Amino acid sequence: MIRAPGLGLLLAAIALAPLQALSQGRPYVVLAAGTTTRDSGLLAQLLPLFEARSGLAVRVIGVGTGRAIELARRGDVDALLVHDPAAEDALLREGVASLRRTVMVNDFLLIGPQEDPAGARHASDAPAALNRVAQAQGLFLSRGDDSGTHKRELALWKATGTAPEGSWYRETGSGMGATLNTASQLDAYTLVDRATWLFFRNRGQLAILYEGDARMRNLYSVLLVSRAAHPHVRPRAQEFADWLVSKEAQAAIRAYTIDGQVLFHPAANPPSEESP
Amino acid sequence: MSDLTAAFSTAVSLILSLDSDLVEIILLSLRVSGSAVVLAALVGLPLGAAIGVLRFRGRRALVVLLNASMGLPPVVVGLLVYLMLSRSGPLGWLGLLFTPGAMVIAQTLLVTPIVAALTRQAIEDLSEEYDEPLRSLGASFPQRVATLLYEGRLSLATTLLAGFGRAIAEVGAVIIVGGNIAHVTRVMTTAIALETSRGDLPLALGLGLVLVGIAIVVNGCAQWMQEVARRAAA
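Chains as they are written, first to last, in this note's numbering: chain A, 11 to 286; chain B, 113 to 346.
Hints are supplied without guarantee of correctness; some may be wrong.
Claimed, not checked - Listed below are several chain B residues computed to face chain A (Cβ distance under 7 Å; list not exhaustive): (1) I293; (2) S309; (3) R310; (4) D312.
Stated by the list, open to error - If you want the ones that stay clear, here's a sample from chain B, every Cβ over 10 Å from chain A, calculated: (5) S114; (6) T117; (7) L166; (8) P185; (9) M196; (10) L209.
Simulated from the structure, these hints should not be mistaken for laboratory data.
Just so it is clear, the structure is predicted and the values come from calculations on it, not from any experiment.
Beta carbons are placed, not taken as given, at the ideal position from N, Cα and C, and that holds for glycine.
Given these sequences and hints, build the entire structure.
The structure is reproduced here in structure tokens:
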């Protein structure tokens with residue numbers, strides 16, 4: 011039993027090793043990114059290019075835009091890649107974010123069962139399509155998680171003039187992928203961004219029913235957390251924000267396709283000439 | 113059914129190809145959960161043994177509390193640790209959020225009550241048999257606790273395995289405090305959650321089967337070590 015304290019210390023040292031090893035290695039910045047940019051595979055395509063150029067690793071926390079914005083408010087991340095312009099405005103106003111740059115754009119799609127019992131595919135615009143779902147009481151899944159997609163869905167419902175209520179309207183309270191998994195099991199309608207839809211493997215009987223309304227435009231921006239608000243944020247996040255709007259990054263965004271379809275269209279205006 | 117077959121063949125090909133990303137994820141899972149169990153053992157074994165041996169006011173209430181805390185929801189523990197380690201929290205200056213260290217802390221908090229509660233039961237049973245003789249030999253309190261822990265080592269090994277099982281299988285805590293960052297804080301369970309959210313169910317389930325395989329290997333090793341120890345003791 012005399013050995014026990016020595017053994018204990020040894021085990022404690024082994025146990026604490028990961029605590030010590032954490033900040034060694036390459037310099038990095040922490041990015042909170044909407045799940046769509048991660049789940050679509052875009053970031054996996056872009057980040058190696060940036061890391062090779064800058065020597066700076068980007069650690070991605072994939073969360074809904076609502077949660078990403080909360081992480082920024084608390085100073086837990088250095089930068090955001092999100093898609094909720096109204097919430098981004100608020101961050102800039104509050105001084106939590108010091109800079110915003112538009113990076114790319116795609117669009118939201120109304121998807122639902124192939125047979126489309128509500129007839130949403132024959133609607134004249136996006137609110138009308140939602141109205142048809144509501145009229146027919148077709149099962150509709152809402153993210154219900156304050157994500158950028160959820161916020162846009164609520165805005166579209168607002169444009170219909172009727173509040174979605176009833177047993178046909180259900181909140182999953184989950185990410186886009188989990189909501190799509192549920193929709194494909196229940197043959198339900200839901201709103202999804204094009205990138206996640208194209209990347210998603212478990213579509214079941216679901217199909218795109220309505221697309222193309224200007225109100226379904228989905229704008230992604232990069233924001234830097236302000237060093238005035240949170241002095242410890244890593245200043246090199248600026249390099250990543252600069253690079254995302256560079257010609258190299260914008261071309262790489264344009265080049266990322268699935269089944270021949272572009273997932274995100276570059277939208278930096280204008281793309282900056284030189285890369286950092 | 114075809115999903116299950118696809119998952120099984122995915123699991124087999126994942127293991128056979130020894131994909132370097134997968135190996136990295138497995139090693140991190142083992143390191144984080146292993147560290148958490150070691151730390152939990154350092155606290156939980158003596159704590160559980162002390163409660164098992166000592167008689168004091170409020171002991172029964174403490175035992176109830178300890179047993180109940182075995183059921184702490186991982187996501188709640190994750191949230192608490194997140195609020196502590198967040199830059200806006202009391203321990204934010206440590207800069208541990210979204211690192212493996214934060215994951216070890218969260219899992220340690222999850223596992224310690226399990227180790228302490230199961231140790232308490234095992235030691236209490238043993239102490240009924242051994243405590244009187246030990247006292248009559250004039251053993252001090254630390255000596256009695258140490259002797260009882262030693263005598264109970266075989267059942268305590270199972271206690272640690274239960275703690276390890278809890279740690280390696282949970283996703284709620286590590287995904288909040290670790291952030292599921294590729295190559296940094298991605299472990300088996302968060303990788304499974306990610307592939308599920310991408311709708312790649314066969315890959316998710318395939319990873320799940322690999323995780324089950326790891327649990328079997330770890331428990332098999334522990335079983336073997338117990339048998340070696342038992343033979344050595346006989």
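Each hint, compared with the structure:
1. I293: With a minimum Cβ separation of about 5 Å from chain A (threshold 7 Å), the hint on I293 of chain B holds.
2. S309: 3 Å, holds
3. R310: 5 Å, holds
4. D312: Because about 5 Å separates D312 of chain B from the closest Cβ in chain A, which is inside the 7 Å limit, the hint holds.
5. S114: 13 Å, holds
6. T117: 16 Å, holds
7. L166: 20 Å, holds
8. P185: The assertion about P185 of chain B holds, with a minimum of 16 Å to chain A.
9. M196: Non-interface label stands for M196 of chain B: nearest chain A Cβ at 12 Å, farther than 10 Å.
10. L209: 6 Å, violated
Hint 10 alone, counting from the list given before, is not met by this structure.
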